[in-house]
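Trainee: These are the residues of each chain, in order.
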Amino acid sequence: MHSVLQRGNSILAYALSVLACLTFACFVSTVFLNYVTDAKMNTVKVVVKNVPDYSASREKNDLGFLTFDLQTDLTHLFNWNVVLWDKIIIRGEKAVLDFKNMNTKYYFWDDGNGLKGNKNITLTLSWNIIPNAGLLPNVIASGSHSFKFPVEYTTSRM
Amino acid sequence: MDFINKIPTHMDFEGQARAEKLSRIIITLFGAVGLIWGYIIQQFSQTVYILGAGFVLAALLTIPPWPMYRRKPLSWQPAKNGNDNQVKEGSKKGKKK
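Protein sequence lines correspond, in order, to chains A and B. So the first sequence is residues 1 to 158, counted in UniProt numbering. So the second sequence is residues 1 to 97, counted in UniProt numbering.
Bear in mind the hints are in silico, worked out from the structure with no lab data behind them. Think of the CB as a built atom: it goes at the ideal place given N, C-alpha and C, for glycine as much as any other residue. Check before you lean on any hint, since a few could be wrong.
Derived coverage of chain A by chain B (criterion: at least 3 residues anywhere in the stretch with Cβ under 8 Å from a Cβ of chain B; other residues may be distant) [as the list claims (entries may be wrong)]: (1) 1-7; (2) 11-17; (3) 25-37.
Label-pair ranges, simulated between beta-carbon atoms [said to hold, decoys possible]: (4) A:Tyr107 <-> B:Ile41: 37 to 45 Å; (5) A:Leu5 <-> B:Phe13: 14 to 22 Å; (6) A:Gly8 <-> B:Asn81: 38 to 46 Å; (7) A:Val96 <-> B:Trp37: 22 to 30 Å; (8) A:Ser17 <-> B:Ile4: 29 to 37 Å; (9) A:Ile140 <-> B:Gly52: 13 to 21 Å; (10) B:Thr9 <-> A:Val139: 42 to 50 Å; (11) B:Ile40 <-> A:Asp111: 49 to 57 Å; (12) B:Asn81 <-> A:Leu16: 26 to 34 Å; (13) A:Ser126 <-> B:Ala17: 50 to 58 Å; (14) B:Gln43 <-> A:Asn9: 23 to 31 Å; (15) B:Ile40 <-> A:Gly114: 52 to 60 Å.
The whole structure should be built from the sequences, with the hints applied where relevant.
Mentor: Shown next, in the form of structure tokens:
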């Protein structure tokens, strides 16, 4: 502590140590929280087609089409240790989801013909928690919805 | 350059101890308050900002050698004249460094 530089070095090092302790306290305060919540979902329209996927080959594969409802409240998942959920919901934005008759974002391709008449297709909702400090859990909501694909291919355009 | 060299950077021993103690107290206090406040409003960024404010305050109060850290100067023995002593002092200094 005998020179200006040494005093500066000393308090900077101490401040950074304190910052590490505070970050750890923040982590400890949220590590035992339960991030599971309930989600209600339902399918509205379910159709299966048998068409070629030209991006892979010319063979015909099953392609499922469905629209779905989703109702869930993710508000309590956000706390002082959570920065953002994904590109869509940042902390502070409205996290009460109530979607009706939504289209899927990606094609539901099967490699083969497993979708036609399949009786056990299950929709689930899951999310990644991205904290300031700590674990990165992948949490699955407690609600899910199972449905069947029809036994007939749909050939008409939708 | 003479002007720069004349700026006092000296603290006495007790002043150094007080400066270190004071800086530790300020930073710890701001850190604790920041943690509580950040938890209340659920914003960890506020915790970091308050700790940063504490760091700046501690830097202003304890890095420059303010007069309050120079109140108890050591009373050195008066320098002695003589060739023998000078040689001895020189060798001691060399050992210390």
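Trainee: If a hint holds in the structure, say so; if it does not, say that too.
Mentor: Do the hints match the structure? See the list:
no.: 1; hint: 1-7; result: holds (count 5)
no.: 2; hint: 11-17; result: holds (count 4)
no.: 3; hint: 25-37; result: holds (count 3)
no.: 4; hint: A:Tyr107 <-> B:Ile41: 37 to 45 Å; result: 44 Å, holds
no.: 5; hint: A:Leu5 <-> B:Phe13: 14 to 22 Å; result: 18 Å, holds
no.: 6; hint: A:Gly8 <-> B:Asn81: 38 to 46 Å; result: 40 Å, holds
no.: 7; hint: A:Val96 <-> B:Trp37: 22 to 30 Å; result: 28 Å, holds
no.: 8; hint: A:Ser17 <-> B:Ile4: 29 to 37 Å; result: 33 Å, holds
no.: 9; hint: A:Ile140 <-> B:Gly52: 13 to 21 Å; result: 39 Å, violated
no.: 10; hint: B:Thr9 <-> A:Val139: 42 to 50 Å; result: 56 Å, violated
no.: 11; hint: B:Ile40 <-> A:Asp111: 49 to 57 Å; result: 53 Å, holds
no.: 12; hint: B:Asn81 <-> A:Leu16: 26 to 34 Å; result: 50 Å, violated
no.: 13; hint: A:Ser126 <-> B:Ala17: 50 to 58 Å; result: 56 Å, holds
no.: 14; hint: B:Gln43 <-> A:Asn9: 23 to 31 Å; result: 30 Å, holds
no.: 15; hint: B:Ile40 <-> A:Gly114: 52 to 60 Å; result: 53 Å, holds
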